[in-house]
Amino acid sequence: MSKKVSIFKDFTKGLLVENPTLVLALGLCPTLAVSSSAINGLGMGVAATFVLVMSNIIVSLIRPLVPAKIRIPIFIVVIATFVTVVKLVMAAYTPALSEALGIFIPLIVVNCIILGRAEAFASKHGVLRSAADGLGMGLGFSLTLILLGSFRELLGNGSIFGANIMGASYQPAIMMILPPGAFLSLAMMVAASRWILEKTSKGGNS
Amino acid sequence: MANLLVISIGAILINNFILSRFLGLCPFIGVSKKTETALGMGMAVIFVMVLASAVTWVIWTYLLCPGETNLFWIVARACGSEVSAQAFDLRFLETIAFILIIASLVQFVELVLKKMSPALYDALGIFLPLITTNCAILGVAELNTMSLGYGFLESVVHGFSAGVGFLLALLMMSGVRERLEFAPIPRFMRGLPVAFITSGLMSMAFLGFSGLKF
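As you go down the protein sequences, you meet chains L and Y in turn.
Counting from 1 along the first sequence, just add 2 to a position and that's the residue number in my numbering.
Counting from 1, position 85 in the second sequence corresponds to residue 83 in my numbering; the numbering is continuous, with no gaps.
Think of the hints as simulated: they come from the structure by calculation, not from any bench.
It is possible that part of the hints are untrue.
[What the hints assert, rightly or not] Below, simulated SDA-like cross-link-like pairs (lysine to any residue); rule was C-alpha separation at most 25 Å, straight line:
1) L/LYS201 to Y/ALA95
2) L/LYS89 to Y/GLY65
3) L/LYS71 to Y/ALA95
4) Y/LYS31 to L/MET191
5) L/LYS15 to Y/ALA85
6) Y/LYS32 to Y/LEU118
7) L/LYS15 to L/TRP197
8) Y/LYS113 to L/LYS15
9) Y/LYS112 to Y/ILE99
[What the hints assert, rightly or not] Over the 12 Å line for every Cβ pair with chain L, so calculated as not near, a few chain Y residues:
10) VAL4
11) THR35
12) LEU37
13) GLU66
14) THR67
15) ALA95
16) TYR119
17) VAL154
18) LEU169
19) GLU179
Glycine included, each C-beta is placed from N, C-alpha and C at the ideal position.
Please take these sequences and the hints and turn them into a complete structure.
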């Protein structure tokens, strides 16, 4: 297999086959908490993708220097640095979004997706492949958030990205924006993604 | 006193950390298959949350916040420097500082428990390393200092009640899941999806508590 193909594969596996939220069940807290509207989901997705790509690159670069015993604290410091960057940038340029996401921006530090990728992938592979892996995982996470956010916003508010879709006569189901709606819609999404994965893998074999 | 009671009822029932704030979902889904492990995890979380609330509050107030109580400023003053009290505003370091404090605190607790109380270590030991990346712990530290601006006693009470709320949700969930093992569930819904639906129903029940007014 040529190098180009494997980088492409590192990138695409995060989108569905190894989707961090739906298949690996990582990073559940921000997924459920910020997906009450599509725009919040997009904001959290972009922030997490930036941290994921940057920390994967740095972890991959410093990997020969890091002693195995203290690698986890070092990874956490690298991640926390980029989270602080994101937090300050968002507070300065998108104050409304920063307000809406609240404590879930600093909590990107303990998002298991990021530490998980640093430990499982970036600390073992080269810079390019790690960056591709980070970007793919980040996009998979963002897509899930946007999809979940749109679904909940559509049912709970009748709109997507703030644009009214259902018309004025639609009676919104407030429950979908409240916490229970998050659990129920994610359950449906996980079940649907399993169904799709099984369909596609069967189609590939036959 | 009444204030502390309001804080604790709020953190246990109204703003339950798992079911309404969405903090600490990974252990909630991960270790809720058996009541026994759920109990151990819940106890370990309460323990670490109280300690973390206390320690991060002290660090936040005396090292990171600017003002007359900032230790750096007091030291600089004692050395004869004329800097203003607002010079030492280190609040931007809060995320890095808190996660490092929590990680080292958990390691420290593990060492102390191993030495001082082997029985307790046997019960809680395996859960402690998992707790470092539990967002409920960092979450309670951030809420105490950044968002809610609690005092020391309030922070500790809030940490304790958040832990109790966590334990409550975890115990209820494990009770349900032990029975779900034998339920006929459609194939694609088994495991994670049905756990989410269960928590969705529990969360709906807990919404009822938001009507509590003091």
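(request) Check each numbered hint against the structure and report the violated ones by number, ascending. (result) Those not satisfied are hints 1, 5, 8 and 15.
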